[in-house]
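Visitor: Residue-level listing of the chains:
Protein chains: 2
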Amino acid sequence: MKPVNPMDLVFLLLERRNQPMHVGGLFLVKPPEDAGPTFVKDLVGHVMGYKVPTHPFNQRLVTRGGFQFWTEDEDFDLESHIYHLALPKPGRVRELLALISKLHSALLDRHKPLWEVYVIEGVEGGRIAIYTKIHHSLVDGVSAMRLLERGTTADPDETIVPIWALPKKQRTSQDQNELALDPVRQLLQHAQGAKKMATSAGKVVSEVANSIRRRNKDKDYVSIFQAPRTIFNQRISGSRRFAAQSWSMDRIRAVGKRHGATLNDIVLSMCSAALRRYLIDMDALPEKPLVTMVPMSLRKDDSEGGNQVAVILADLGTHLESPLDRLKSIQGSVNNSKERFSRMNQAESMAYTSAIMTAHGANMALGINPAWQAFNLVVSNVPGADKPRYWNGAVIEGIYPVSIVMDGVALNITLTSYAGNLEFGLIGCQRTVPHLQRFLQYLEEGLAELE
Amino acid sequence: MKPVNPMDLVFLLLERRNQPMHVGGLFLVKPPEDAGPTFVKDLVGHVMGYKVPTHPFNQRLVTRGGFQFWTEDEDFDLESHIYHLALPKPGRVRELLALISKLHSALLDRHKPLWEVYVIEGVEGGRIAIYTKIHHSLVDGVSAMRLLERGTTADPDETIVPIWALPKKQRTSQDQNELALDPVRQLLQHAQGAKKMATSAGKVVSEVANSIRRRNKDKDYVSIFQAPRTIFNQRISGSRRFAAQSWSMDRIRAVGKRHGATLNDIVLSMCSAALRRYLIDMDALPEKPLVTMVPMSLRKDDSEGGNQVAVILADLGTHLESPLDRLKSIQGSVNNSKERFSRMNQAESMAYTSAIMTAHGANMALGINPAWQAFNLVVSNVPGADKPRYWNGAVIEGIYPVSIVMDGVALNITLTSYAGNLEFGLIGCQRTVPHLQRFLQYLEEGLAELE
Numbered sequence: 154m155k156p157v158n159p160m161d162l163v164f165l166l167l168e169r170r171n172q173p174m175h176v177g178g179l180f181l182v183k184p185p186e187d188a189g190p191t192f193v194k195d196l197v198g199h200v201m202g203y204k205v206p207t208h209p210f211n212q213r214l215v216t217r218g219g220f221q222f223w224t225e226d227e228d229f230d231l232e233s234h235i236y237h238l239a240l241p242k243p244g245r246v247r248e249l250l251a252l253i254s255k256l257h258s259a260l261l262d263r264h265k266p267l268w269e270v271y272v273i274e275g276v277e278g279g280r281i282a283i284y285t286k287i288h289h290s291l292v293d294g295v296s297a298m299r300l301l302e303r304g305t306t307a308d309p310d311e312t313i314v315p316i317w318a319l320p321k322k323q324r325t326s327q328d329q330n331e332l333a334l335d336p337v338r339q340l341l342q343h344a345q346g347a348k349k350m351a352t353s354a355g356k357v358v359s360e361v362a363n364s365i366r367r368r369n370k371d372k373d374y375v376s377i378f379q380a381p382r383t384i385f386n387q388r389i390s391g392s393r394r395f396a397a398q399s400w401s402m403d404r405i406r407a408v409g410k411r412h413g414a415t416l417n418d419i420v421l422s423m424c425s426a427a428l429r430r431y432l433i434d435m436d437a438l439p440e441k442p443l444v445t446m447v448p449m450s451l452r453k454d455d456s457e458g459g460n461q462v463a464v465i466l467a468d469l470g471t472h473l474e475s476p477l478d479r480l481k482s483i484q485g486s487v488n489n490s491k492e493r494f495s496r497m498n499q500a501e502s503m504a505y506t507s508a509i510m511t512a513h514g515a516n517m518a519l520g521i522n523p524a525w526q527a528f529n530l531v532v533s534n535v536p537g538a539d540k541p542r543y544w545n546g547a548v549i550e551g552i553y554p555v556s557i558v559m560d561g562v563a564l565n566i567t568l569t570s571y572a573g574n575l576e577f578g579l580i581g582c583q584r585t586v587p588h589l590q591r592f593l594q595y596l597e598e599g600l601a602e603l604e
Numbered sequence: 154m155k156p157v158n159p160m161d162l163v164f165l166l167l168e169r170r171n172q173p174m175h176v177g178g179l180f181l182v183k184p185p186e187d188a189g190p191t192f193v194k195d196l197v198g199h200v201m202g203y204k205v206p207t208h209p210f211n212q213r214l215v216t217r218g219g220f221q222f223w224t225e226d227e228d229f230d231l232e233s234h235i236y237h238l239a240l241p242k243p244g245r246v247r248e249l250l251a252l253i254s255k256l257h258s259a260l261l262d263r264h265k266p267l268w269e270v271y272v273i274e275g276v277e278g279g280r281i282a283i284y285t286k287i288h289h290s291l292v293d294g295v296s297a298m299r300l301l302e303r304g305t306t307a308d309p310d311e312t313i314v315p316i317w318a319l320p321k322k323q324r325t326s327q328d329q330n331e332l333a334l335d336p337v338r339q340l341l342q343h344a345q346g347a348k349k350m351a352t353s354a355g356k357v358v359s360e361v362a363n364s365i366r367r368r369n370k371d372k373d374y375v376s377i378f379q380a381p382r383t384i385f386n387q388r389i390s391g392s393r394r395f396a397a398q399s400w401s402m403d404r405i406r407a408v409g410k411r412h413g414a415t416l417n418d419i420v421l422s423m424c425s426a427a428l429r430r431y432l433i434d435m436d437a438l439p440e441k442p443l444v445t446m447v448p449m450s451l452r453k454d455d456s457e458g459g460n461q462v463a464v465i466l467a468d469l470g471t472h473l474e475s476p477l478d479r480l481k482s483i484q485g486s487v488n489n490s491k492e493r494f495s496r497m498n499q500a501e502s503m504a505y506t507s508a509i510m511t512a513h514g515a516n517m518a519l520g521i522n523p524a525w526q527a528f529n530l531v532v533s534n535v536p537g538a539d540k541p542r543y544w545n546g547a548v549i550e551g552i553y554p555v556s557i558v559m560d561g562v563a564l565n566i567t568l569t570s571y572a573g574n575l576e577f578g579l580i581g582c583q584r585t586v587p588h589l590q591r592f593l594q595y596l597e598e599g600l601a602e603l604e
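Line order of the protein sequences matches chains A and B.
Per my numbering: the first sequence = residues 154 to 604.
Per my numbering: the second sequence = residues 154 to 604.
These are computed hints drawn from the structure, not numbers from a lab.
Take the hints with a grain of salt, since some may be wrong.
Estimated spans, in silico, between C-beta atoms of each pair [unchecked claim]:
1) A:232 with B:401: 26 to 36 Å
2) A:232 with B:540: 55 to 65 Å
3) A:216 with B:230: 51 to 61 Å
4) B:382 with A:216: 18 to 28 Å
5) A:308 with B:202: 45 to 55 Å
6) B:198 with A:312: 33 to 43 Å
7) B:496 with A:215: 47 to 57 Å
8) B:199 with A:220: 51 to 61 Å
9) A:158 with B:382: 47 to 57 Å
10) A:199 with B:165: 36 to 46 Å
11) A:218 with B:165: 49 to 59 Å
Partner residues are not named here, just some residues of chain A that face chain B (Cβ under 10 Å, in silico) [unchecked claim]:
12) 255
13) 472
14) 475
Using 20 Å as the maximum straight-line C-alpha spacing, the simulated EDC-like pairs for lysine to aspartate or glutamate come out as follows [to be verified]:
15) B:194 with A:232
16) A:194 with B:311
17) B:242 with A:195
18) B:242 with A:232
19) B:242 with A:187
20) A:372 with A:492
21) A:242 with B:277
A virtual CB, placed ideally from N, CA and C, is assigned to each residue, including glycine.
Between the sequences and the hints, there should be enough to build the whole structure, so can you do that?
Guide: If you want it as structure tokens, here you go:
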């Protein structure tokens, strides 16, 4: 029995029935050409043979004297972690997304180790889908994606042990960086601190002063006071809607090259176009531009200091009609942040990041839900695999992150690179962000209008 | 906006993540011979046309000043209440039960009206399954079964409005009796009272005295102090396991006739045999016989007073090896209760019922989980339809209740009569009652050994 560490405990404490704290991943998998009719059944049979899970997949929560501990689950039953389902015909992606939305809405049962895997057959094109959910107290979002990759192979002919039975991996400094990049972890980390110190924290006060001072001098500086109130910044329900789509990285890079912009700038432009169009549909476009929180890895070319991780606030220019003007707003605010970070040392950039997150976190954690938010949504880009991966002979066509939304942040766009594509996973509160599927078309339009 | 009435509020207050308070029904449906390949899709399309729900299917919860109210859901979205799924091949009943177990485990989202319908295609034999879950605060268990029947027809050629769009029905005295028969409602009603008065209530004290006095004189009297401690009387997890099967009423009646027993006596004998066998498997058979709570409708032949509703405690004789000895124990204790009730007036029988439920309810509600319980499980027989029912041209082959388990009562066996069969629905906590499917075979053996 091992006490739950403080950060992981936050995920457990802040979990509510409307705010589950698990992350997910959706794999679209294509069986090999010569697969027989029992391919999926045999595969499920194969993985069901690994009945003994390894750490952390064998850990369940227990409460002793009011404290939470992890303990090995002596009654572990694989059958209550693995589900084999099918989509109704015609098994379109639409039906799949509806099912994933539903599965991602349900709380994990705390009497069992906090993870589940769903193998879903009958996806159009003879494909299968694999949806995995893992509690954020067990693994962080970015590492969860990595873990899912560890459960796959580069070699089409290799069979692989399922993720719950993989030998435990040692943490690397790479993992630590990924951990810091995880926006949900950051938000909650600071929310927890904020709960104690409320809003009187010195860092917040200095950022307030800074925000006011800088805003007057520097049009590209995004302060924590400029995000408008939007429909995304409300209390959320317990129902989720998930949407996912792939875009070619070559295509996005070509658009970037054309406009002298980075891949991330173009991604944010796509998001900006989609948000603008969506909010116009809903008759809810604010006069001021939406602000998104973006966790970023900032490498200084002239240093050997490795990665420096920070959170930036990007002005999405959603109030502007012209796609080029919106791109300029995004580039201006992103470059401003990057330059600012490049002048800061590590401690300073961490302090800045902390100030943003603490201010927002306090708002969220205290549950006061006022007419203020440091940012309107989260857009997070998680690095993925370059080359195609395989799962017991079946090629993985797509990998989509399924993240977390919270009271006050009802929309999260997480993307990952995979085999030449950028794979977008959008998760929203079903009630607060209706018709989330429309976003996919609007993201495409946002890319097309810059081509 | 209408305040939630006190009884319905209890279901909301006592709901926890490990103890969802919704009831369900599973229909097994066979499309007509001439059904085309799009039959299910068309049917789902048909019901999805009824986008405006009627009371209570349009009501959602809101909290104002700390109080709970029902209000009409202005943003009602049928898509987030109706799910269309499929079973993976071969689509055996085993796969269906696993899926229903999972669906029944998930909490309903309190931001929406508290009900969901799942249409599941691909069940073996060309059948479809329809699983409906409704929160117990919206309808009581027995009425839920009635409601599901109202959504079907006696005429195979008739189409019918889906249940969520049916016009509201006036309550009848029949409904009131059914309401009183609902064991979950009874348990919680008294649990709530018990929370206030703890265990010092006068009724309990007098039942205690009675129990001690009677036990010495009357071997068939089942007191609230004789139920042994069993594995079923523990805190439960949030995961469920559901099992279901039909038995011919003619067959059960023939067995009853052979032994001079009622249909209910034989049902309890089946349960007794199954429990004994199951507990021997688990090396957990107590030396004392298990006691089951059975809600019963007691008609006095010489009165015009209509139904009189009471809860009886039946001694299942699980410690006895001989099936005939077990049947004798059951008949003895059931007849003793019936005779006792027949000598009581309505007030007295209500007081007795209340004493049982209050004592047990206090134990449950206070969460003290001591080595005491008034009974070990609930066996409830809900009256159903005599003749086959149809749903938009498809014949309903089976109707199985999916009930509620609670801390301290980890197993519930609810059955209903339908078209010449008795349809058993067993719901258990997956962790506390593993291998629930075995019960089905053991119930069959329990019937066969009396033939």
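Visitor: A separate judgement is required for each hint: does it hold in the structure or not?
Guide: A quick look at each hint next to the structure:
no.	hint	in the structure
1	A:232 with B:401: 26 to 36 Å	holds (31 Å)
2	A:232 with B:540: 55 to 65 Å	violated (38 Å)
3	A:216 with B:230: 51 to 61 Å	violated (37 Å)
4	B:382 with A:216: 18 to 28 Å	holds (22 Å)
5	A:308 with B:202: 45 to 55 Å	holds (50 Å)
6	B:198 with A:312: 33 to 43 Å	holds (42 Å)
7	B:496 with A:215: 47 to 57 Å	holds (50 Å)
8	B:199 with A:220: 51 to 61 Å	holds (54 Å)
9	A:158 with B:382: 47 to 57 Å	violated (37 Å)
10	A:199 with B:165: 36 to 46 Å	holds (44 Å)
11	A:218 with B:165: 49 to 59 Å	violated (29 Å)
12	255	holds (6 Å)
13	472	violated (27 Å)
14	475	violated (34 Å)
15	B:194 with A:232	violated (30 Å)
16	A:194 with B:311	violated (39 Å)
17	B:242 with A:195	holds (12 Å)
18	B:242 with A:232	holds (17 Å)
19	B:242 with A:187	holds (19 Å)
20	A:372 with A:492	holds (14 Å)
21	A:242 with B:277	holds (16 Å)
Checked against the numbered hints given earlier, this structure breaks hints 2, 3, 9, 11, 13, 14, 15, 16; the rest are met.
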